[in-house]
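2 protein chains.
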Amino acid sequence: MKAIVLNLDSKEKISLTDVQESIIGPGEVRVKIKAAALNHRDEWSRQGLYPNLKSGIILGSDGAGVVSEVAKGVDTSWIGKEVIINASINWGDKQSVQGKNFEILGMPRNGTFAENVVVPVDRLYQKPDHLTWEEAAALPLAGLTAYRALTYQGQLEDDENVLITGFGGGVAQFAAQFALALGAKVSISSSSPDKIKKGLKMGASFGFDYTNPNWVDKAIEATQGGFDLIIDGAAGDSFNQLIQVCKPGGRIVFYGATRGNPGKLEARRIFWNQLKIMGSTMGSDKDFRKMIQLIEQKEIHPVIDQVFPLEKAIDAFDRMRAGEQMGKIILKP
Amino acid sequence: MKAIVLNLDSKEKISLTDVQESIIGPGEVRVKIKAAALNHRDEWSRQGLYPNLKSGIILGSDGAGVVSEVAKGVDTSWIGKEVIINASINWGDKQSVQGKNFEILGMPRNGTFAENVVVPVDRLYQKPDHLTWEEAAALPLAGLTAYRALTYQGQLEDDENVLITGFGGGVAQFAAQFALALGAKVSISSSSPDKIKKGLKMGASFGFDYTNPNWVDKAIEATQGGFDLIIDGAAGDSFNQLIQVCKPGGRIVFYGATRGNPGKLEARRIFWNQLKIMGSTMGSDKDFRKMIQLIEQKEIHPVIDQVFPLEKAIDAFDRMRAGEQMGKIILKP
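Which chain is which? The protein sequence lines are A and B, in order.
With my numbering, the residue at position 142 of the first sequence is 143, and numbering never jumps.
With my numbering, the residue at position 266 of the second sequence is 267, and numbering never jumps.
This is chain A alone, in the form it adopts within the complex (with noise of 0.2 Å):
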């Protein structure tokens, strides 16, 4: 089957190859693959910034499609079914962190940019009706860590002030989508102002530039006090911006630190304030099942960029490496 594999010795390191179908193994199956979306993590994988990467692995983790064949002993009513597959593998029992052998698809594990996927028949879900290939491929890595991010971890109550750092990105985006569908009111922040004006469309209700040194000030003004719940994936030099405009109380949680570390925190402000910070990644299987039903009720539509098809796999993750995209890059077998 054709895949597009880590090449490391290749000058785009990646590359589309003939590759053999894996092998199912015992309560493992089959999915033949609709739509994949690209997350960092591939790009990442890609730049060799992960620890033993080797050639040859197929990358992916966000996934969507049809099962095709199921293990001996794995419920054969399976087959045919159209499925959401949850990258995060082998979690554990606690929902506060996930155990010593979770892992995500798409590297060790071959994922998901291939015309199949074998994964763990527990790692399926009934792809929500109104979703088309593309939205629930979508899904899983950015939607589940939004997710936790606003709910396990922030504990996002409906009418709380609620800030998105760093819109256009798909956690950014699903967090938005998300918080506003819990009942939240939400902003965002971008440096670009066509996204700024994606967010005010999509229903938030201000956008700030953070480029701009008055942000802070616009945003205490505007929320009268400042955010009871911040998401944010950059952290470095302006988090504590992010402690400016956190209401007394309230809470930060970040998902990512594309910045780098965060600078040195005003501490008395933290201690004061009574304020939390809060790291998150991924989220436990009853994090992803919530997600689902979240998206079920409120009938909600992930934010699609691009599509482009498995051979043109190259000029996605361009585009993502760029940080052009306004949802989430798709790639289709």
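There could be a bad hint or two in this list.
SDA-like, lysine to any residue: derived pairs with alpha carbons at most 25 Å apart [said to hold, decoys possible]: (1) B:Lys95 - A:Ile221; (2) A:Lys265 - B:Gln245; (3) A:Lys95 - B:Pro249; (4) A:Lys198 - A:Ala182; (5) B:Lys95 - A:Glu222; (6) B:Lys3 - B:Thr18; (7) B:Lys3 - B:Arg320; (8) B:Lys95 - B:Asp10; (9) B:Lys101 - A:Asn274; (10) B:Lys33 - B:Gln242; (11) A:Lys101 - B:Ala223; (12) A:Lys95 - B:Arg270; (13) A:Lys265 - B:Asn262; (14) A:Lys95 - B:Gln156; (15) B:Lys35 - B:Ile105; (16) B:Lys333 - B:Asp94; (17) A:Lys219 - B:Gly100; (18) B:Lys95 - A:Glu161; (19) B:Lys33 - B:Val75; (20) B:Lys265 - A:Pro214; (21) A:Lys186 - B:Asp94; (22) A:Lys287 - B:Asn274; (23) B:Lys12 - B:Val75; (24) A:Lys265 - A:Gly250; (25) A:Lys265 - B:Asp94; (26) B:Lys101 - A:Gln225; (27) A:Lys333 - A:Val122; (28) B:Lys55 - B:Tyr126; (29) B:Lys287 - A:Asn274; (30) B:Lys313 - B:Ser11; (31) B:Lys265 - A:Gly264; (32) A:Lys202 - A:Asn215.
Now the stretches of chain B that chain A is said to cover, found in silico as 3 or more residues with beta-carbon under 8 Å [unchecked claim]: (33) 40–53; (34) 77–87; (35) 244–258; (36) 263–269.
Hints were generated in silico from the structure; no laboratory data involved.
Fair warning: this is a prediction, and the values are worked out from it, not measured in the lab.
Here a beta-carbon is modelled for each residue, glycine too, at the ideal position from N, C-alpha and C.
Position chain B against the provided structure of chain A, taking the given hints into account.
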């Protein structure tokens, strides 16, 4: 009456002065002070580290004594009662954070380093029978801060591994005592072998000298994987070490930053390990009530360092400044 007042023009910045007794306002009572206790806050006021300091203010947040007079309309049965004064005034309605009118007894409002003090009647709690006057006076500010950090913020569960840093300080000592009373496995850290010895004697399982560069590895080994909860009052550059000894899914609560703002935090470790970093200060009336209940139930005795007569307040303040104390420093009128 005699009182220790801020005297910013004098060499020692505080002095024993004869002052007029405060007038009792509506809803207030007069408490004849049997014992008062020092906090860093008092020494920092002396050092001029707060805004709006004015000479003439009577310092002191912590005190216990006997009600000697009540305002018209206040239940007269209070008169003669033995009470502890909650120094946390006007916390407000929210459990998560103090309101805008919050203040701490002893600046700007006249405090407890005097023969008597006037406070709102709702600041009084009956002194537990098993406590001496010195022990009762030791409790309010540091005890409340420790109790809230462990419980409301830290959500301590029994059998969890807790690290209390900077053992020897008032809050740290209460935190260790309360955590033991709540059934946790307590470790302490200090730079003083003597203080570590005392912590182990109090019931701590392990003591770590944080000036030893191996302490991080030792702590992870001793606890078989790190701490569920860390209570810290120092922050500073070594805060990343706390992140290293924190178990995946663990929590760090800090109530002060005696070593300054935390250094560049390791963002990836925080989000991948789903850590929570929380600021905390003082506590609500509910926190205070529950703390008193715990102290009564478990017959906890606060640790007293040394008792000084009010006339020797400068010596007491100097001892606090030098950080030599082990337990609370007491003043008696």
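Now for the hints, and whether the structure bears them out:
At most 25 Å may separate the alpha-carbon atoms for a hinted pair to count; B:Lys95 and A:Ile221 meet this at roughly 20 Å. A hinted pair counts as satisfied when its Cα atoms are at most 25 Å apart, and A:Lys265 with B:Gln245 qualifies at roughly 18 Å. Only pairs whose Cα atoms come within 25 Å are accepted, and A:Lys95 paired with B:Pro249 is accepted, the gap being roughly 11 Å. Only pairs whose Cα atoms come within 25 Å are accepted, and A:Lys198 paired with A:Ala182 is accepted, the gap being roughly 19 Å.
For the proposed pair B:Lys95 and A:Glu222, the alpha carbon gap of about 22 Å is at most 25 Å, so the pair holds. Taking the CA atoms of B:Lys3 and B:Thr18, the gap is about 6 Å. The hint holds against a cut of 25 Å. For the given pair, B:Lys3 sits about 22 Å from B:Arg320 by alpha-carbon distance, which is consistent with the 25 Å threshold. Straight-line distance between C-alpha atoms of B:Lys95 and B:Asp10 comes to about 40 Å, which puts the hinted pair past the 25 Å bound.
With a C-alpha separation of about 11 Å, the suggested pairing of B:Lys101 with A:Asn274 holds against the 25 Å cut-off. Note on B:Lys33 and B:Gln242: the hinted pairing is violated, with a Cα-Cα distance of about 46 Å set against a maximum of 25 Å. A hinted pair counts as satisfied when its Cα atoms are at most 25 Å apart, and A:Lys101 with B:Ala223 qualifies at roughly 19 Å. This hinted pair checks out: A:Lys95 and B:Arg270 have alpha carbons roughly 18 Å apart, not beyond 25 Å.
With a C-alpha separation of about 6 Å, the suggested pair A:Lys265 and B:Asn262 falls inside the 25 Å cut-off, and the hint holds. For the given pair, A:Lys95 sits about 16 Å from B:Gln156 by alpha-carbon distance, which is consistent with the 25 Å threshold. Note on B:Lys35 and B:Ile105: the hinted pairing holds, with a Cα-Cα distance of about 20 Å set against a maximum of 25 Å. The suggested pairing of B:Lys333 with B:Asp94 is violated, with an alpha-carbon distance near 34 Å, which exceeds 25 Å.
Proposed proximity of A:Lys219 and B:Gly100 is supported: the alpha carbons are some 22 Å apart, at most 25 Å. Among the hinted pairs, B:Lys95 with A:Glu161 is consistent with the structure: their alpha-carbon atoms are about 15 Å apart, no more than 25 Å. Restraint check for B:Lys33 and B:Val75: satisfied, since their Cα atoms lie roughly 17 Å apart, inside the 25 Å limit. Proximity of B:Lys265 to A:Pro214 is assessed by CA-CA distance (about 22 Å); at most 25 Å being required, the pair is judged to hold.
About 23 Å separates the Cα atoms of A:Lys186 and B:Asp94, which keeps this hinted pair within 25 Å; it holds. For the given pair, A:Lys287 sits about 18 Å from B:Asn274 by alpha-carbon distance, which is consistent with the 25 Å threshold. Our distance criterion of 25 Å between C-alpha atoms is broken by B:Lys12 and B:Val75, whose separation comes to about 42 Å. Restraint check for A:Lys265 and A:Gly250: the C-alpha separation of about 20 Å stays at or below 25 Å, so the hint holds.
At most 25 Å may separate the alpha-carbon atoms for a hinted pair to count; A:Lys265 and B:Asp94 exceed this at roughly 32 Å. Taking the CA atoms of B:Lys101 and A:Gln225, the gap is about 14 Å. The hint holds against a cut of 25 Å. Simply put, A:Lys333 and A:Val122 have alpha-carbon atoms about 22 Å apart, close enough for the 25 Å limit, and the pair holds. At most 25 Å may separate the alpha-carbon atoms for a hinted pair to count; B:Lys55 and B:Tyr126 exceed this at roughly 29 Å.
The straight-line distance between the Cα atoms of B:Lys287 and A:Asn274 is roughly 18 Å, inside the 25 Å bound, and the hint therefore holds. Annotation: proposed proximity of B:Lys313 to B:Ser11 holds, straight-line Cα distance about 16 Å (limit 25 Å). Pair hint B:Lys265 plus A:Gly264 holds up; C-alpha atoms about 5 Å apart against a cutoff of 25 Å. A distance of roughly 23 Å separates the Cα atoms of A:Lys202 and A:Asn215; the hinted pair therefore holds under the 25 Å criterion.
Remark: the segment 40–53 of chain B is not confirmed as covered by chain A, as 0 of its residues place a Cβ nearer than 8 Å to a Cβ of that chain, below the required three. Note: the segment 77–87 of chain B has 0 residues with beta-carbon separation from chain A under 8 Å; the three-residue rule is not met and the coverage is violated. Closer than 8 Å: that is the beta-carbon criterion, and the segment 244–258 of chain B has 6 residues meeting it against chain A, so the requirement of 3 holds. Look at the segment 263–269 of chain B against chain A: 7 of its residues bring a Cβ nearer than 8 Å to a Cβ of that chain, three or more, so the hint holds.
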